[in-house]
Amino acid sequence: MAQRLESVLPRDRLVTDPAELRVYECDGLPVHRQPPRFVALCDSREEVVKVVRWCARERVPFIARGAGTGLSGGATPVPGAVLIDVNRMRKIRSIDLVNRIAVVEPGVINLHLSQAVEGAGYHYAPDPSSQSACTLGGNIAENSGGPHCLKYGVTSDHVLALEVVLPDGEMARLGSAVAEPGGLDLVSLFTGSEGTFGVITEITCRLTPKPEAVRTYLAIYDSMAAACRTVSEITRQGILPVALEILDQRTIRAVEASVYAAGYPANAAAVLLIELDGFEAGMDQDEEAITRIVQANAPLEMRSARDPKERTMLWKGRKGAFGAMGRVDTDLYVLDGCVPRTRLESTLEQVYEIADRHRVVVSNVFHAGDGNLHPNISYDGRNAELTARVLAAGEEMLQACVDAGGTISGEHGIGIEKREFMPMIYDANDLGLQVAIRDAIDPQHLANPGKIFPDRSAWPAPKEAVNGPGGGAPRSRSPSAHERAFRDAQAPIPCAQSIAELADRIRTAESEGRRVIPAGTGAHAYASMPHDDHGGGDGKARGGSKASGGGKDAGEPKDSALSLLSTELLEGIAEYEPGDFTIGVHAGTKLDDLERLLAGNGQEIPWDTASGEGGTVGGLLARAPSGPRYGRYGSIGTFLLGVEGMRARGERYKAGGMVVKNVSGYQIWKLLAGSHGALGFVLRANFKLRPIPERRLARAAVFRDHEEAHAFAAAVREHRLEPAALFVVESSSGEPMATWVWEGNAPTVAWQDQQACDLLAGRSAQLVDAVEEPQARTFLRRLASIAFPGTTPPPGLGIAQLSLLPSRVSAVSQDILSALEKTQDGGELVRASDAMTGLLTLRWRIPEKDDAGADRILPILSRSLARENKSNPAAGTVLYLPSQARRKIVSPLHAFPAEGLARRIEAAFHT
Amino acid sequence: MSRTLREPTHAPAHAATTSFTEKFAEYTRTLDCVHCGLCIPHCPTHGVSGREADSPRGRIYLMRAWAESTLDLTAEAQTHLSRCIVCRACESVCPSGIQMGEMMESFRYEIGKRRPPRGLAASFSNYFLRKIVPDRGRIERLSDLLEIYQKTGASAVMGLLTRIVPPLARIHALQPRIPPRRVRRIADAAPPAPLPDARARVGLFLGCVAAEWFAPVHHATMRVLRKNGIDVVVPPDQGCCGALHRHAGLLPDAKELWERNAQVFRNAQVDAVVVNAAGCGASLKDPPGRLDPFDIPVRDIMELLDEIGFQAPLRPLALKITIDHPCHLVHGQRVPAEVVENLLARIPSLEIVRLRDSDRCCGAGGTYNLFHPEMAEPILDDKIRAIRETGATVVATGNPGCAMQIRYGLDRAGMRGVDVVHPIEILDRALE
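Protein chains in written order, with our numbering: chain Z, 1 to 911; chain P, 1001 to 1432.
Bound-form chain Z, shown alone:
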């Protein structure tokens, strides 16, 4: 067999020697061992394709491996498998600092990417503790976290596009370098899929400016409880440090005995590492607050590191903690539970209690700010009886995390290690959906088999739906204007009163050969997209356009066998503990109600809808619109932690949970964000929250011409200022206006505002007075309203959004304008360029023509995009058109089978 594989790979890059194969039998978790049949050391995507094709043809399972630093056995082979080692694929293909994008091969080491751009003042933000060794390919497979993810988010938040070799050997390109909100987010689905969907061969990721200032503090306590209390108090006060890390006594001692000794005192019961980063201007205020909180919890000592060297020392101990455990005993079992932040202290107590009961040695070093616990159990693996006790203790500790409302893996993945624990969090329905998705992509289960999912026999029966929301007499509502216009809905639309009723209705429809499609209040039911109209999409776009509706919305409304079913009555808060900074809400919950509730606690989800837009949580999820603050905080998907949904047969499932870091199974929740109702019903969504910033300030300046306005926006970006929103708004009547919003603590806002005003100096611009809260919020809503057609749109209105590289927005925007001027249609055109994301929103109105007149702009957009696409990634989406000519504006970016992939995944929800 090796001989035949030699035909696809040179002999010197095939490992076949039985002794040498042994070193590949485990990764960073040596508890499970199984040597592969061969190892293929691939140098290029072409070689990966060849090897995967060979495997597919021979029906041989394969496993991708990077540095082998994973901690859940994700890269551990199954018997007879071929290991595809990509660590030689180490090239950084391109770095684009203007647009903050890097394209790399999967074997590039995480830290090496940061080192490559640090001279220019950037970094790749996710920093797993193994960052000096682990590969980016592995990071994406596992959706790795890291200490600084508290502020910057996990791997998934930093991956823009992937090139993958699917299990049949076909290549697919998922996502793109330009921001494309909405659509099936296959990049997030692949991120954290632990190699079960194929092999990653290229990664397009985001680069983040390095903070201007960093301050690190070390608080030393004689009790773990005091350290935990400090953490919850810091988050509760709305301070968002970049990292909050705790090391317990045993960890401190092990680290101090190692080369990573950081000068932690050996008599402390816990040390808490706190790191702030951002603008120097805002540091003192946060430092004072943190010092106050630390002191209030009676520390033994508090230190601070201001110079990089001291800081490196304090961090060194944290980063080397795992390896230093080698000093405690020969083997180490690292656990990775995640709990809601307010449950940290009590869960930790349980962990110690469990360790004592099983007589095992546990040390804890963890990402306290995220609630991500890492109990490390040290033991001697040669002692079988002890090993058994270690595993039993580990299982109990994870159960304790689950019982506290948490999950079994925050950042290490399920792999082999926790496969059998999946039933702790998921029942047969939940696992059934995940496996159905797996089947859709890898029907033969050749890609990393034996990981994530336990045997079907171990799947727990689904629990009876406990009383969800709703529960009154049958009800229906009349269709909204949009639903009448776009969904052909004339008859009253039934509104499910309970989850049971919803399931009944779905089943009844199925038995009658109909398909029900989700609706909310009908606020956004203005467009939809039949499949055949947007071929060539990248798969992110199942509805292609932001077709769809204010409830969640629509699959294929033109088909008379489809009927709307509203979930707007299934509303209310399912779970909300402000201290955890998370909330679980039912799909029918009105966005306005939710916002009010959160604001009462000083919290928000940083999205913005137009005033009077209305709509439900479910609808928001289905559309995943890009709001004005998209560039700063990310899409709705970024804030989504979990969902409950209903698929075919009225089968209820859940995915994800209520914790901020979660890599237990596929990120199905992210798939639902922007799914436009194509994946069935959403019943509940869990979000992470942010504190409402201390100060919000909106500004605008009027410029003489387009170039000047865009040059100013580019300068703000170049100066690494961090506006919550930064737009250039241009209308056919009136001068170009740049407008921006600052958020954060008061000194940071003031300083950035001053910086931006300084940047204005010397430009022919007229500064408009600043607007503070509450008008600043209203201002954000006004920005949002550019993309909203209104509940009863005027005739001749059209809205589209183009996804471009930020560096290209100005040029493409001008290109479109001049093309339009030539047509002399004489309408109004508003162009809103998001300078941070490169999203260009176009809103036009040709009142004197009939509705179809609005369509005439589409060919112009198409041509312009096609031109842009010749040298840069670009895509476009129709948000609203009065006629039902629903078209995705070209996106000939990706000539790959990703669209088919999206279709197969969709089918998994409907079978």
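There may be inaccurate statements among the hints.
[As the list claims (entries may be wrong)] Computed Cβ-Cβ distance ranges for the label pairs, DEER-style: (1) Z:Glu118 with P:Asp1295: 26 to 36 Å; (2) P:Asn1342 with Z:Ala750: 34 to 44 Å; (3) Z:Ala392 with P:Asn1342: 32 to 42 Å; (4) Z:Arg359 with P:Ala1122: 16 to 26 Å; (5) Z:Glu118 with P:Pro1336: 32 to 42 Å; (6) Z:Arg359 with P:Asp1295: 22 to 32 Å; (7) P:Asp1357 with Z:Asp222: 26 to 36 Å; (8) Z:Gly381 with P:Arg1201: 44 to 54 Å; (9) P:Arg1315 with Z:Glu301: 43 to 53 Å; (10) Z:Arg359 with P:Pro1336: 58 to 68 Å; (11) P:Asn1342 with Z:Glu118: 22 to 32 Å; (12) Z:Gly381 with P:Ser1123: 35 to 45 Å.
Calculated directly from the structure, the hints in this document are not laboratory data.
From the three backbone atoms N, C-alpha and C, an ideal C-beta is built for every residue, glycine too.
We have chain Z; now place chain P onto it with these hints.
This is chain P only, laid out in the frame that chain Z set:
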């Protein structure tokens, strides 16, 4: 939570452990590895092949499995183990405190007993290490021959011959320029008069072939020390440090050499032993096979100067230099790179350009470059690339093996104009 570390939660000794240790004296050290993999990117050989078995973690895995008798050590696996340069870069980054050097020495000794290396190269190596290196007389005669060989043009003839026998080519290319005989015989020269108010009295360690081939470095060392008020003696009976023998698994030979040197320097009644070869220094600081360390301190020359305080006045030196940090100085002896940098930075007008990956191996590894060109050459290529990037005209490196290797690499890359010197030579040149 009042338990102490290493609390015996189970029976401490396993019945089988004893036999594992018998098989491989440093076996228990393999157990320190928790398989975290932080070492891998720092391993030069893994950098070349990308194979796990060419990484510290992979090698430890193989050694442990072999000792525990769960693995039949194939020739292929043994090749990967022999490809370890023992640069010990992994030790510097291992949170678990792995002792790769000791493990490798012990393992190679054991495997050498069971499977003595065969072939011409091995015989040559053994002859060189066991017959020539420990014998000063033979080293002197070899050096005389080499000097004549290089002066008479026989060298050019040989250059042709080497095209026919490739391994000779490498030896030929690696040979350093042998200094004239009068410079070479250091230990025989009459000792200079003792300094009146010496701050310390140190014994200079000469090394084996380095005693002859790098004699100018020794002279520079002595001048710099004396200018700093430190008396230097050169005990004549000293010998090879045994580092090469340890690399090759010739542990009994290494122990013999070690004991001889310990005796010689004890008798010399010096405050410290000063070494200007990083490899020798590392070897003298860590005794082979867990012997007791020297009872007098051993210091690298730069380490000593840093510790005792550099006092000699220095004149400007308008040079653009870059510093390579020998593995056995930064990883083996844990002398921080800044020590050398700070000392050289005292020289006015000296421009020091930072060398990328300056603490990464150059591929020399004693005689490693002769036996593992498939690794040593690409590793060297990267070092030469890094040097080229600096644009420096002088490379300073504190180890004779590295100096020879880098010289060879520079010549091969057509960079004959770049000098390779010991950092002490630069300080020496700047002495007023």
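Inset, instruction - Hints the structure violates: just list their numbers, smallest first. - result: Going through the list in order, the structure violates hints 1, 3, 4, 5, 6, 7, 10 and respects the others.
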